[in-house]
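Heads up: the sequence lines are chains A and B, in that order. Mapping of the first sequence onto my numbering: residues 11 to 270, in sequence order. Mapping of the second sequence onto my numbering: residues 571 to 925, in sequence order.
Hints were generated in silico from the structure; no laboratory data involved. Note that beta-carbon positions come from the ideal geometry of N, C-alpha and C, so glycine has one too. Any given hint could turn out to be false.
Only some residues are given here: those of chain B computed to face chain A with a beta carbon under 8 Å [what the hints assert, rightly or not]:
1) A725
2) E728
3) R827
4) A849
5) S855
Computed footprint of chain B on chain A, listed as stretches where at least three residues anywhere in the stretch have a Cβ under 8 Å from a Cβ of chain B [as the list claims (entries may be wrong)]:
6) 89–103
7) 110–123
8) 221–235
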Amino acid sequence: MEGPAVTMILAVMYREYRIRTTSLTWAFYDLIMPLTYLLLFGIGLDRAFASGITAGDRTVGYNAFFLAGVLSMASFGIAINTAYGFFVDRDNGIFYEFLTYPMTRAQFLVGKIMFNCILSIVQAVLTISMGTLLLSIPLHWETAGLAIAGVIVGTGGWFFFLSGFALRFRRNDMFNTFINIAYFLLMFASSLFYPLEGLPDWLRAASFANPLTWHTDVLRFVTVGIGTPGTIVIEAGAFLVFLTVSFFFAVRTLQHGVVK
Amino acid sequence: MPEIGPVSLILLTNRCRFIDWACTHPVLAISMSNLAILVEDLVKVYEERTDHPVRALDGLSLVVRQGEIFGLLGRNGAGKTTLLRILTTLSRPTAGTVTVLGLDVVQQSYAVRRQLCAVLQENAVEIFLSVEDNLSTYARFHSIPRREIGARAGAVMEQFGLREYRTQKVIDLSGGLKRRLQVAKVFMVDKPLVFLDEATTGMDPINRRTTLDAIREQARKGRTIFLTTHMLEEAEELCDTIAIIDKGKRLAVGDPRTVKSFGSRVVDIRVTYAPPGPASVARLSPFPLMRLEHRNTTIDVALDADRISPFEVLQELGRLGTVVNLEVTEGSLEDAFFELLGSKGDTPAPWRDRP
Chain A
11 MEGPAVTMIL
21 AVMYREYRIR
31 TTSLTWAFYD
41 LIMPLTYLLL
51 FGIGLDRAFA
61 SGITAGDRTV
71 GYNAFFLAGV
81 LSMASFGIAI
91 NTAYGFFVDR
101 DNGIFYEFLT
111 YPMTRAQFLV
121 GKIMFNCILS
131 IVQAVLTISM
141 GTLLLSIPLH
151 WETAGLAIAG
161 VIVGTGGWFF
171 FLSGFALRFR
181 RNDMFNTFIN
191 IAYFLLMFAS
201 SLFYPLEGLP
211 DWLRAASFAN
221 PLTWHTDVLR
231 FVTVGIGTPG
241 TIVIEAGAFL
251 VFLTVSFFFA
261 VRTLQHGVVK
Chain B
571 MPEIGPVSLI
581 LLTNRCRFID
591 WACTHPVLAI
601 SMSNLAILVE
611 DLVKVYEERT
621 DHPVRALDGL
631 SLVVRQGEIF
641 GLLGRNGAGK
651 TTLLRILTTL
661 SRPTAGTVTV
671 LGLDVVQQSY
681 AVRRQLCAVL
691 QENAVEIFLS
701 VEDNLSTYAR
711 FHSIPRREIG
721 ARAGAVMEQF
731 GLREYRTQKV
741 IDLSGGLKRR
751 LQVAKVFMVD
761 KPLVFLDEAT
771 TGMDPINRRT
781 TLDAIREQAR
791 KGRTIFLTTH
801 MLEEAEELCD
811 TIAIIDKGKR
821 LAVGDPRTVK
831 SFGSRVVDIR
841 VTYAPPGPAS
851 VARLSPFPLM
861 RLEHRNTTID
871 VALDADRISP
881 FEVLQELGRL
891 GTVVNLEVTE
901 GSLEDAFFEL
911 LGSKGDTPAP
921 WRDRP
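Isolated chain B (complex conformation):
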């Protein structure tokens, strides 16, 4: 029997308008109480009463299961932040329904807020307070007992390398440190649902790794993590489920492998040449490649195998110089992302030449 993936789940829940949260779904035979987030036909229109309304979300439906790491991907303006704002009760839907842990985000917004903590896109930190005060005030807002706050703050500062800045005012910290502190705050509390909007932006690789490990650890403890990111490799590595949206609509959803399959016709080729490197890459211009990156002695190519023969491209690549290494792999999440967005008629810059 084929496994029912999240894609199918959403298609089915879309037909099922009235769901009793506590009951077992009649078609899927899964308990609806296992769902952390249910978004159905969500529409958000800004400037509704003007001549130029902006339709940020356009009939979006999603399901997030409890305890999973869910990644929301999309280019700028796709509707990611709008969705996050609605899920965290910062914004109201124009139409559609959104439930978080069985609670309606409009009718039960206060109860919803009691279940979540969020890192928003801005550097949301208390700039006039010290690092330690930022953590302790955040803990108080989330009702952590006072006797536990000190120990938790110490552990979080240790984990995120903030101990040496403990007494420093945040206004004096660099952008990267502010971001680190902002992310560290959510690890002070034990809310079942965590929203992270581009949490690792601006972090160096070491802190990024620390943050990703911490997120994974929290998911293992049963917390549901909902994150948005521009870093596709990060999403591929971290997430149990990925959704790609554009112009307020869902393009794809599923586990990383499923989503990557949308780019399954994509073949990645990496060729490394002996110095001085390849001759002019302009010889590849007749091929309708999805991506071409040339850096020093290496050329990276992504192509749609339905449109071009990989062998023809390989032959041409072989003529550019002395090949010392050759890798041919199936498409990555990035390829799927480009292909999905490209299928909407405006592929984001597939040709990139790096000096």
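Looking at chain A on its own, in the form it has when it is part of the complex:
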């Protein structure tokens, strides 16, 4: 028999599931958009850089380089959509009603994050399947499991980070501005679309300080083998610290920023 905690977590997940499966808008942003990046933007640049793209000491096709970027973008995008969902929920009042439901704040967050992780796994499987079947990306299958784990951890980190902000912002216009700025700054000041070696010093420094770079580099290492193990371990550690800090930031916001 299900205990109350499991029942509550499943209820949160069921709610997310119904929202996602009854709306094409959500399905597009969570699942389709990253794939269109891979299949349109990726293919375009793959043809433009026909001789391949050099990252570190390796030269690979742009599609292979970009695969990790799409996985990372999907984690980031799913987290943004969930943060936006948090904001909408608070804006229309249902969020406060949730807080009167017979569940703890932790169960609420766990339900949310578990659904997001499942969504990101589905997204990663779709992206990897498309990449290998349609674009013939030479995937390192022996570390594919690590790629899935990386996607889950990445989704968690961004979910906690962005949700903390979504719960703090009061105004729709402010939140939209924040999300747009975060989207452009974090996506383009990172290794998501291009290698960092050729960038100007200031942009390279900014990109190295960006958790999206850490996440993308780890995923790139485990999917196509670009990167050095020493650097990847440091980046993975840095991302775990980012995840931990973001988790406490989100929990604190939920406990003290919302319930005053």
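Following the hints, put chain B in place on chain A, whose structure we already have.
Positioned in the frame of chain A, the structure of chain B alone reads:
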């Protein structure tokens, strides 16, 4: 022996700081376990650490008994929503104690939430889900067995006239329908305590009546209903106990008759004139009336009999035209409300002329 009303009860419980919930109260000889809510010296201050702290609740004490419909009245900013937020664990008290069914709302907030369901002031509905999905997700959050959810949702949709919108996304519904759905949700579950914050706001008269009937039915089944409303007639009709608060303090509490007695010096007069209606109502301006409403051929007046003779006012009203009907009644809850708030020095607009 005089009956001990809720007013006395609160005065006594205020002196009794440490109450053993399971025991019989030593003075009142009633079991404390019959109480649904006990609020003692509750203080809530917002922006506490700033130069301009806001004291939303200021030493408020209330008692709500199990199975009763309790109405909380007050103007905007009186502290109603703040109290509701504390009772539903959405907010923490600055000082004082609040127990819900014997559970402390701060120390045992999770256990408190297991006993209640709430309709909050906002249109709290799942805008991206259909009407039916809203009901079924709500039921899941309240641990209703899956096999029962469909039947309950069907019955609730039928009761609240939502069946034809069953598959429609809530984002496409009107404000009134959203509100109806929000209220309907609490009837999906069987929690012993129901909080309704201005539940009937925005509803048409038919749905308002349905909602009031449903609330009454739930109270008959033993659920405790705690509601806030701006509609005084609704509170008078529905509630077993009414409390009026202002600026975070309690002004009056008791059954509707007791609270109305705070306005017992108030006399309501309604005069209907033959067409074309009364001459200028400005002739009544020398009288310090509590309320004057003029609509078509009818004039409604409320006055404080301690300050003005009703007969003088009646004489003057008689001079305004040919009287075809005259009603003189004791004060209503609305009169008591105005009088109580007015006694604090800022009566809310007693003179109202309707075209």
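- Establish whether the coverage given for the region 110–123 of chain A by chain B is satisfied; the threshold is a Cβ-Cβ distance below 8 Å, and no fewer than three residues must meet it. holds (count 5)
- Would you check whether R827/B satisfies its interface hint, that is, whether its CB is within less than 8 Å of any CB in chain A? violated (32 Å)
- Verify the coverage statement for the region 89–103 of chain A against chain B, using a C-beta to C-beta distance below 8 Å and requiring 3 or more qualifying residues. Held - the region 89–103 of chain A has 3 residues with a Cβ nearer than 8 Å to chain B, which meets the minimum of three.
- Have a go at the E728/B hint: is there a Cβ in chain A nearer than 8 Å to its own Cβ? Because about 22 Å separates E728/B from the closest Cβ in chain A, which is outside the 8 Å limit, the hint is violated.
- Query: At a Cβ distance under 8 Å, does chain B reach at least three residues of the region 221–235 of chain A?
  - Reply: Not satisfied, violated; 0 residues make the cut.
- Restraint outcome when S855/B is required to lie within 8 Å of chain A by C-beta distance: Status violated, d = 45 Å.
- Query: Does A849/B meet its interface restraint, that is, does its C-beta lie within less than 8 Å of any C-beta in chain A?
  - Reply: Violated, because the Cβ-Cβ distance from A849/B to chain A comes to roughly 50 Å (cut-off 8 Å).
- Task: Go through the hint on A725/B and say holds or violated, using the shortest Cβ distance to chain A against 8 Å.
- Result: violated (21 Å)
The earlier numbered hints that this structure contradicts are 1, 2, 3, 4, 5 and 8.
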